[in-house]
Structure formats: structure tokens, C-alpha cells
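Please take these sequences and the hints and turn them into a complete structure.
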Amino acid sequence: MPCYSRCQSDAACRRTLDRKRAGKNTVLKHYGRRMDAVPLTTRIIQNDNSIPLLLQTGEFNMTNQTGRNNRATMFLAATALVLLAANAQAFESMQMGEWEIQITGNVNGFLTNADCDARSAGPVSGGLACGSNGVDRDIANVRTGLLPSWFGFHGQQEVDGLTTEIMIGFQPGIDGGNQGDITGSPLDGGLGLNSENLRQVFVQFGSDWGKIKIGRDLGLFGSDAILSDMTLLGVGTVSDLTAGGGNTSLGRIGVGYVYADWKGQVQYSSPDWNGFSFNLALVDPWGLVNLSGLSLDAGSFAQQGDTYGIEGKAAYEWKGAEAEDFSGKVWAGFIGQALDSSVFGSEDATGFDIGAKVAVAGFEFVAYYYDGEGIGTTDFLFDAVDSSGNTRDSDGGYLQATYALPGAGTKFGLSWGESNLDLGPADSVASTLVQTNESIVFGVYHPLTESLSLVFEYTGTEATAHNGNKAEESSIAIGAILFY
Amino acid sequence: MAVSAMTRTEKRKPWWQWWLIAAADCAIAMAWGVPVHARSDAIIWEGNDQSVLLAPQDDAAAPPNDHPATVTPQEIESMLARLSFRHADQQADTAPAAVFNKEQVEILGEALAAGLTRAKPSQDVTFSIIGAHRLSPGAVARRNRLTAGRVFFRQGKLNIIFGEVQSPYRKKNLYGRIDEDFYPREYGSRAPPEEQEAVLIANPNVSLQLGAAGTRVDWVVFDPAVAGTAPLSRPADATAGDDRGSGPAAPDNSPPAPATAAPAAVATSEEAARQREATAPEASNSDSIEQRLKYLKSLREKDLISEEAYRQKVNEILESL
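Line order of the protein sequences matches chains A and B. In terms of the numbering used here, the first sequence is residues 339 to 822. In terms of the numbering used here, the second sequence is residues 969 to 1289.
The set of hints was computed from the structure by calculation and includes no laboratory data. Treat the hints loosely; a few may be bogus.
Unchecked claim - What follows is a set of in silico ranges between Cβ atoms, one per label pair, in the way DEER data are often shown:
1) A:Phe703 x B:Glu1275: 42 to 50 Å
2) B:Glu1269 x A:Asp498: 48 to 56 Å
3) A:Val698 x B:Ser1090: 17 to 25 Å
4) A:Phe794 x B:Glu1162: 23 to 31 Å
5) A:Leu820 x B:Gln1059: 28 to 36 Å
6) A:Leu820 x B:Ala1030: 34 to 42 Å
We put the CB at the ideal spot given by N, CA and C, even for glycine.
Encoded structure:
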């Protein structure tokens, strides 16, 4: 404590203080209870479904009574786990018998204010700038950012040369709902529940030959794009979709990359060969979503879902001897899934992406590009087929540059990106279907400690329809994110 | 309105742009393939987020090391097994704890010995290793702690500068990936650190480096030619089957022993000792009576040893005159 006042301007000192505090652990009582959560959480997961994140609204929670009860139970269990862990000051890697265990995650919250400007009389169907619905308004929220708050339980053990892991995580939002339906979101106020997701549940095992993962985890296609996105620690685009708060904002989802989303999968990960590695996954079939109102969804397309999706990625990563040395990563990936319909016949959704991230002396640059047929925009298979069941083409990408001040660690970032969606053969050239979602983001991310960062972001988003309709969103976000 | 659709089509990237981007990526990869390859050559041992690596000296102005050097794994294990420390904010009479456990000592002994034989004069051998340490004697739960530092051989002595001594080991969860350390790992520096979290304890085989600003409690020096590889004793709380928790020899608070008083090296280290003979200096001044007394005084002034222990050791030195 005597050192604390000095630490205000000294990152190394603050780090030392953090460590000292973290290091003063006491005897951890009842630690074994943490393991009790595993079957409970697994049971809850069985009631979960594969509705994409953007559609997992409070309305769904309200109507799914069983799921709500289970989630409430899980909240209690998780809270107990947090209290136990906090009591022991033990948010660090522990060894329980042969298991290495860690509880990890974050909590974040932001004040956001978005100015939604409908620049034309009509809507931009599928546009991500708020105001795409044709309504001018301002939106104020206290909300979670792009990165949902996170409670992750990770266990790992090695037996006879085989490393086995489990990861179970759920993602609550801080959104208190919109009592009275202020901004058009479903009723989910003080008597309701915060929104939450269950995104990560998997077992993984492997050895020198690589690893096999079975369970629900981040998809491969577009994963490095979102993991490299600076708005992951901020908010990015708010949009009409998440105007009511919800669990997360959009960041650069749909304005630079297709959301990788959280998918049931069986994934093989190769070993790291001097920086080279690849991943290949069979994923749970994904369903078509009609976000714009001008597309077919899984039901109207009579989608059969009879084949697995497939995703893959190859990457090459290098690191310098020191943190400030030249380091980086290049990657290329693909996605594919058959879209079989008993009414419209068969189509294929295929896409590829490439990206590069390099860093040196505090600077970091990211360049990313994707292209696909039938993969849609914003999320996989969103608005991917027209009203006659024909696939639409799409592409997009983003550029990003950040610089972290030496010593203080404050990071300044600027990024630009867009996602484009072509018309399908059955679409009218005067369609209000979104043609381009584009945004520019300026962000400042200041670490108060190694765990806690303050965030300021300005995001300007523009949605343009094929018929020329436009909507613009200007949003400011101020908040904090704490990793534990 | 057909123009609109046509315009959209024309915006799509032609095929050659894709290849251009791909080629740019490949060029970056190839351009930096050399340092990546060099890094793979520098890896002595890696496993489960731990490593022993060859790395450039942290200070470009530092005198070159006497590398490559031959030090046997047994000699290194003998040194590491006896190392103990206490946290900087603990009282001086707090019982010191072993820096490494048995498994770590065995791993580092082999890997550091191999690294020293491959290192160049401008290189150090850095290590980062994680060990499970009991929350308290007899506790079931153990916490994983990170210890990291750099090792080099110079003027007949093995030097270890610690950057981390049983620091909390935590990984940051970023969108479900738990790859990133909460704290950048520190491998120690020849320049004195601003803050000291752990205080290493000298013993008859290991001395603390004397720096311009006083004794470096993060830098230990070991003379393998004179320290020997005596069998290790077990700590009182070691239990069968506790492979990670069983510590090395009980910590010893004694100040560094004079070189002439140390036992001879055992047979396994004789060859290594012969190879070092050419470069080993004569008995260092740091072993003189005067320096030992100054060293004891500095320890006492830093409140690292009690008044009683200080007087006892001073008397022992004076009686040996």
C-alpha cells in the first residue's frame, strides 16, 4: 500500500503491487466444490439451442421457462463459485490432484450513446447502422460491449502423455433490460433476467500428434478476424439489433468480417511446427436466417440440415525474442456447408478468408479480407439466399492500426472496414436489401492495471441499400473492462 | 436501376487481387521465416507453457560470457536444489521457502546444462518454469507458480538472475482463448530491478552478487568447481507421491562459504571442472574476509538476517583468522 501513490504513474510498480496482492493467498477452503458445477452446467447446456447469438433475445428467455430456471440455477451456482474463489483470493492457476484448474474471464460495462440518422425515407433492410429501420432517434444504454462478460472454468490434466482439457463458460450481460419496452427490445427488466449465453463447452485431448476438440467453441472461419479486432475490448457498432442492450454489441461484426459464432464442432488442431499450424473442423449444420426480411430462412427454404458444415484454417505465427520485436501472424481459412432444400434444390455456401497481423515497437497492423458465395453477411447464412432460394455473393474486410504508448501502455487505435452483399437473381435492383455496411472506429484503451482497462470509442457506421437508401450511426462508448 | 446492380458487380475484387493479397502474405511469411527458424534453434526445452531458451544478453554492453561452458546437470541441480527465498514484504525471521521443487530441479538441471554447452558468448540461457506449490504444509490444493530468469557462465562461476520467483501464474481469457499471460514474463536483468518481490537467501554453496548499489538479492552466483554435488536432503513436509510438491534440500541461511572450505567436486563433475580450469580465475577477492564481513553487514542492514545470526557469523569469521 505505501507504494500505491507512486504507482499511479508507474506501470511496473503497479504490476508489482498487483502481483503482491495476488500472491498473498491463504488456504483455499472447499475448493473441491468448484468441480460440482460441471455436471450442473452440462445439464443446462442440454437445454440450450443453436439459435445464433443475435437472435438470442430476452424474448426467447421469457418464453423458454425451463431454460430460464436452469439458467437461474446456474447463475446461483456460478455466483457461489465466484464467491468461493474470491474468498480464497485464488483467481490463479491451481493444481487439484492431477488437474490444473483456472477460473478466468472478464466483466465489462459501457455507457453508450448512439445517434441514429435515417438518411432516407425508406429502410436499409439488414443494415447495421442504427436508423436502418428508417427511424431517427438517439439511444442511450448502460450495456455490455462486444466482448460479453465471461465466466470460464478450465481444467487440464496430463495422463500417460495424453493432455485432456475441459472448458465450460457462460457469458452474462450487464444489461438490465428495457422495462417498458423503451427501445423496442423485449420486456426483460428488473423482474426478468439479464441476458446470458452459453457459448463454450468442450473437451479437448491430444499429444504430439495434435489435439481433438469436441464441443461448442468459436468457429474457425473469421475467428482470427474477431480476435484481432480492437473493438473486442470496446463496443464498436451498436445497431438496431442490439439497441436495447442485449448481451453484446456488434463491434466490427458485419462491418468487416462474418461472425465466427459459437458452434458445436469436432475440431482437429495440428501441432505447432515452428510457427505453422492448421485446424480443421466438422461443425453442426447452421440454419439460414432472414435478418433483412427479404431472404429465406431455414423454415421457408425447407432447409434439411443433412450435412455437416466444414471449416478450416492454416496459420503461420512468429514472435520476436522480446515483446517489442517484430512479430505477427498470417492466416487463411475457408468455410463450406451444403444448403439442401426439399423445395429449392441444393445450393452450397462457400467462402474463404485471409489475413495478416504484424506488430513492432508498439505498433500493430491488421489487414483482413473475406469472400464467399451463399455465406451471407454479418453472421454465417444471414440473408444468404434470395426469395427464390438462390445464393447471394458477399465479401468484405478491414484495416486496423494501433499504437501503444511505451510505459503507460495506453493504446490508440483506428480501424476501417466494410461488408458487402450482392443481389441474388431473384432480387429486384430496387431492393432495400443492404449492399454495404461500413464503419470507422477510433478507440483509446488505457490500462489502469494489468487487469483493468478504461475504454473510449467513437464509431461511425453507415449502411447503404441497393436502392440507395442510407442510414448512419454515430456512437460514443465509455467504459471499463476487468479481466480476472 | 440495372446500373446499380452492375455497379455492385464491378466493385467485386478481380481474381488477381486475391492472389496479390495471398502473395503478400506469403512474402511476409518467408521474409520472417529466418527469425522463426532461428528461434526454433534457440529452443532447448519447451513444454506446457514453459521453456529454456538461448537468448541475447539483456545488456549489449555486458562483458561476453564464457560460453560455451560445460557444467554438469548434477552440479546445476545441486545449486538449484539449495536455493531458497522469502517474499520481500516478509519478516527476516520468516522461514525461507525452496525456490524450486524436485521436478523443476531435474528439468532445469538437464536443460540448462544443455543450453550452456550451446550458448554463444553473447547469449544467456533463459528459463521459465511452472511448479505446483502447496497452499500450506499438508494442504491438498496447490497453486501453480512461475519462476523465470537467465543463466550464464562467466569467470568460472554460474550466474542466475531471477526475474520471477514463484510469481502468480495466471492466463487471460480473451474471447474464450486463454493463451495470454496476465503479466509479461520477466527474465531478470543485469541492471538492478526497481522493485524486488522476492529475496533470495545465500547459503554455503551460493552467494549473492555484489553490485554497485549493494547486494543483488535477485542474482545468485555459484562456483561449481568447489561446491560439489552432495546428496540432497528432503524437507520435513515432503511426502511420498507428491512429485511436484516435494521440495529440494532444506533452505540454509548461512552466508556464502569461502571457496577453500567447500568440498571437492564429485567424479561426475571432474571432467567439467577440468574444462573450466583454463578460464577459472584465481581465488576471487569477493571471498576475502573483508568482503565477507561487508557482505554480512549489508545483509544485516537490509534486515535480511537477525542480529543474533549476524553476530554469530561475524564471530565465526573472526575466529578463523
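Results of checking the hints against the structure:
Checked against the hint of 42 to 50 Å, the C-beta distance between Phe703 of chain A and Glu1275 of chain B comes to roughly 60 Å, which is inconsistent with it. Checking the proposed 48 to 56 Å range against Glu1269 of chain B and Asp498 of chain A shows it holds: the Cβ atoms sit about 53 Å from each other. In this structure, Val698 of chain A and Ser1090 of chain B meet the distance hint of 17 to 25 Å, their C-beta atoms being roughly 22 Å apart. For Phe794 of chain A paired with Glu1162 of chain B, a C-beta distance near 30 Å keeps the hint of 23 to 31 Å intact.
Separated by about 33 Å at the C-beta atoms, Leu820 of chain A and Gln1059 of chain B satisfy the suggested range of 28 to 36 Å. Judged by the Cβ atoms, the range 34 to 42 Å given for Leu820 of chain A and Ala1030 of chain B holds: they are separated by roughly 39 Å.
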